[in-house]
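Next come the chains, spelled out residue by residue.
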Amino acid sequence: AQSVTQLGSHVSVSEGALVLLRCNYSSSVPPYLFWYVQYPNQGLQLLLKYTTGATLVKGINGFEAEFKKSETSFHLTKPSAHMSDAAEYFCAVSVITGTASKLTFGTGTRLQVTL
Amino acid sequence: NAGVTQTPKFQVLKTGQSMTLQCAQDMNHEYMSWYRQDPGMGLRLIHYSVGAGITDQGEVPNGYNVSRSTTEDFPLRLLSAAPSQTSVYFCASSSPGRGTYEQYFGPGTRLTVT
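Residue numbers (the working numbering), protein chains in the order written: chain C, 374 to 488; chain D, 0 to 113.
Careful: at least some of the hints might be erroneous.
[What the hints assert, rightly or not] Restraint-style ranges between C-beta atoms, simulated for each label pair: (1) C:Gly426 x D:Arg76: 23 to 29 Å; (2) C:Gly389 x D:Ser79: 24 to 30 Å; (3) D:Ser66 x C:Glu439: 17 to 23 Å; (4) C:Gln418 x D:Gly98: 35 to 41 Å; (5) C:Thr445 x D:Asp72: 24 to 30 Å; (6) C:Leu380 x D:Gly96: 32 to 38 Å; (7) D:Leu78 x C:Glu444: 41 to 47 Å.
Honestly, the hints are just simulated from the structure, not real lab data. Just so you know, even glycine gets a beta-carbon here, dropped at the ideal spot from N, CA and C.
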């Protein structure tokens with residue numbers, strides 16, 4: 374079984390500052406890892422994903438994440454926060470078996486961006 | 000493409016009532032799933048399907064039924080609503096068999112049970 378831990382349910386940064394949202398996972402098989410963003414009263418939108426290959430993955434809106442197998446981590450970063458980045462962010466792990474891709478989510482981190 | 004659509008957007012039920020949440024996708028994805036989102040708990044898998052006629056339980060299946068008669072549709076049924084089922088429900092789809100590992104989410108249904 375897999376699990377995800379997101380450290381910090383709320384993170385506050387100043388506009389222009391570095392964004393770092395932490396995610397650690399547990400999986401008995403090589404994982405597929407995802408970050409999703411949710412704006413208020415909306416569904417989830419994929420930010421980026423790691424499946425295989427390059428461990429540094431780039432996503433939309435300037436976000437990137439690095440898969441570190443030795444640390445079982447997949448932290449999300451953005452060099453410079455923008456007010457529009459304020460949202461809730463979810464890290465998720467999936468094990469792909471044939472045509473099934475069940476996601477296990479972390480509890481989410483709400484990002485606040487201040488002036 | 001409309002992607003994943005869900006109806007209704009909002010619903011209020013009384014305890015004991017039944018209803019069906021609709022979900023449809025037009026991407027020919029074989030995998031579809033239902034999640035519920037509760038504050039501080041992230042999203043939890045209710046039921047999923049790997050194709051028409053094939054469904055299975057997720058993490059929190061009690062009180063919910065599903066069926067999948069077509070590739071496009073995956074309705075979620077609440078047989079006898081309880082206040083504990085007050086939540087936001089999301090439907091999602093993907094196609095891991097064709098290399099689409101990420102799941103595409105619908106806009107959600109906000110359900111209140113009084």
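Cβ separation of Ser66 (chain D) and Glu439 (chain C), checked against the hinted range 17 to 23 Å = Because 41 Å falls outside the window, the suggested range is violated.
For Leu78 (chain D) and Glu444 (chain C), compare the CB-CB distance with the range 41 to 47 Å and indicate the outcome.
-> holds, 44 Å
Given the hint of 23 to 29 Å, check if Gly426 (chain C) and Arg76 (chain D) actually sit that far apart at their C-beta atoms.
-> violated, 41 Å
Does 32 to 38 Å hold as the CB distance between Leu380 (chain C) and Gly96 (chain D), or does it fail?
-> holds, 34 Å
Between Gln418 (chain C) and Gly98 (chain D), does the beta-carbon spacing fit 35 to 41 Å?
-> violated, 20 Å
Holds or violated: 24 to 30 Å for the Cβ distance of Thr445 (chain C) and Asp72 (chain D)?
-> violated, 38 Å
Verdict for Gly389 (chain C), Ser79 (chain D) (Cβ pair) under range 24 to 30 Å = violated, 52 Å
Hints 1, 2, 3, 4 and 5 from the list above are not met by this structure, while the remaining hints are.
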